[in-house]
Amino acid sequence: MKKYKCDICGYVYDPAVGDPDSGIAAGTAFEDIPNDWVCPLCGVEKSDFSPVDE
Amino acid sequence: MAKKITDRVTWVGKIDWELKSFHGDELSTDRGSSYNSYLIRDEKVALIDTVWLPYDREFVARLKEEINLNQIDYIIMNHNEVDHSGALVELMREIPGTPIYCTAKGEAIIRGHYHQDWNFVRVKTGDTLPLGETTLTFIEAPMLHWPDTMFTYMSGDNILFSNDGFGQHYATESLYNDRVCMAEVMQEALKYYVNILNPFSPMVMRKVKEVVAMNLPLNLICPSHGVIWRETPTQIIEKYLQWADAYQEDQVTIVYDTMWQSTRKMAQAIGEGIQKASPSTTVKLMNAAVDDKNDILTEMFRAKIVLMGSPTINNGYSYAIAGLLEMARGLKFKKKRAAAFGSYGWSGEATKMITEHLQQAGFEIVNEGIRQSWVPDTDMLQACRQWGAELV
Ligand SMILES: Cc1cc2nc3c(=O)[nH]c(=O)nc-3n(C[C@H](O)[C@H](O)[C@H](O)COP(=O)(O)O)c2cc1C
Ligand SMILES: [Fe+2]
Ligand SMILES: [Fe+2]
Ligand SMILES: [Zn+2]
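Chains as they are written, first to last, in our numbering: chain A, 5 to 58; chain B, 11 to 402.
For the record, the hints were derived by calculation from the structure and aren't laboratory data.
Some hints here could point you the wrong way.
Claimed, not checked - Calculated cross-link-like contacts (lysine-lysine; reagent style DSSO-like; alpha-carbon spacing at most 27 Å):
| id | chain 1 | residue 1 | chain 2 | residue 2 |
| --- | --- | --- | --- | --- |
| 1 | B | K74 | A | K9 |
| 2 | B | K134 | A | K50 |
| 3 | B | K342 | A | K7 |
| 4 | A | K7 | B | K344 |
| 5 | A | K9 | B | K344 |
| 6 | B | K314 | B | K362 |
| 7 | B | K74 | B | K13 |
| 8 | A | K50 | B | K344 |
| 9 | A | K50 | B | K314 |
| 10 | B | K345 | A | K9 |
Looking at chain A on its own, in the form it has when it is part of the complex:
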């Protein structure tokens, strides 16, 4: 599963960790996150994230 980075603030969403504070369980692929989820650091939308090339 790919990591995704917030284009605006640099936060990286790691599927292995999820975003438990916003109800996203560890192991959730970025694609499976609901569309109303926002960046936990800066609040911008899911569409402001880009895949991280590793």
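Assemble chain B with the ligands onto chain A, guided by the hints.
Showing chain B with the ligands alone in chain A's frame:
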């Protein structure tokens, strides 16, 4: 002194004529600034934003001349940086239970700054607060320019309270855009956009389009700094849509530093070459160490090509150029071309290092740059002219 804006809305902010720098020393504010706070008196009374911390007592004292503080029903905090939330502690001392309307991030930021357990009401886009004849509608605007930022729209009077968005560091007693020198205000609005908002241009573009699509009747845009946009308020919206869209003019900005004049001579020759090859292009030369850094960044923003020059010093480049490279990286300029130049003595690393930093900062590098040893002679200056001419 309070200033009446409409039958219901009064400006109750602070004009800071003496302010010469902001965010510590990150941003020069040559024309001062203002911290705009607005009092709305409908059946209910709402206060929108406060002022910077050093003016907290003055703010509360003057607010008391305008209204019995206990009559304030709601405090609306569009953004909680200290220049707007700074008077909260002083104000809340007087009216501790008053609800503070802000975004979830806003609550976290207020708590993080003042460590107080006030009566927070979290709002989201589309939430409304009826005041009587008029209603406030909240529009979250994350990262314009902080996570907590929101706009508040007042129906009835048709006012958008946009906080830092559309703001300018510009002190005036005249309150409105149509009562001041437009050239000055637009220069300050641009400088503000470049130095504060440009990193968030994608968000600006989306949010401004979203607000335009809401088709709200708009009589006034009331930002938190500088003048209120009264005459054709859409003019600043149109500017933002241009600025957020990888803005550029037919301009080349040449930024250089110099110890013994050689890099300056190169800069001048490069400028001459560009001007001769393309007479319609605006060429601007700025000394990184002498000119104001934020003015330089503003001219970099206007440019289609940015050229940066430094002599080699201690196997690197000058401190002023280093500062500008770091600032330019943070501002995330889009679709700009760039190259480096400079004079050197024996090792000559500066040109290559600047080129690398420009690339890391997101500039499209046009060539490997031009470096010349010691003092340029006629042929070397001609090479600089030629190098410049080939860029345009
Ligand atoms: C223009 C500006 C940009 C900022 N950018 C960031 C940022 O990218 N990431 C971050 O964590 N904090 C950012 N902050 C928040 C500051 O780091 C925060 O306000 C800090 O507490 C300021 O510390 P100081 O009082 O020593 O200046 C920014 C603040 C300002 C004013
Ligand atoms: Fe701010
Ligand atoms: Fe501000
Ligand atoms: Zn983010």
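Taking the hints in turn, this is what the structure says about them:
1. B:K74 - A:K9: It is violated: about 48 Å lies between the C-alpha atoms, which goes past 27 Å.
2. B:K134 - A:K50: Answer holds: K134 (chain B) to K50 (chain A) is near 17 Å, not above 27 Å.
3. B:K342 - A:K7: holds, 22 Å
4. A:K7 - B:K344: Measuring from Cα to Cα gives roughly 24 Å; hence the hint holds.
5. A:K9 - B:K344: Cα-Cα ~19 Å, so holds.
6. B:K314 - B:K362: holds, 21 Å
7. B:K74 - B:K13: holds, 14 Å
8. A:K50 - B:K344: holds, 22 Å
9. A:K50 - B:K314: Distance ~31 Å between K50 (chain A) and K314 (chain B) Cα, so the pair is violated.
10. B:K345 - A:K9: holds, 21 Å
Of the numbered hints given earlier, the model fails hints 1 and 9; all others are met.
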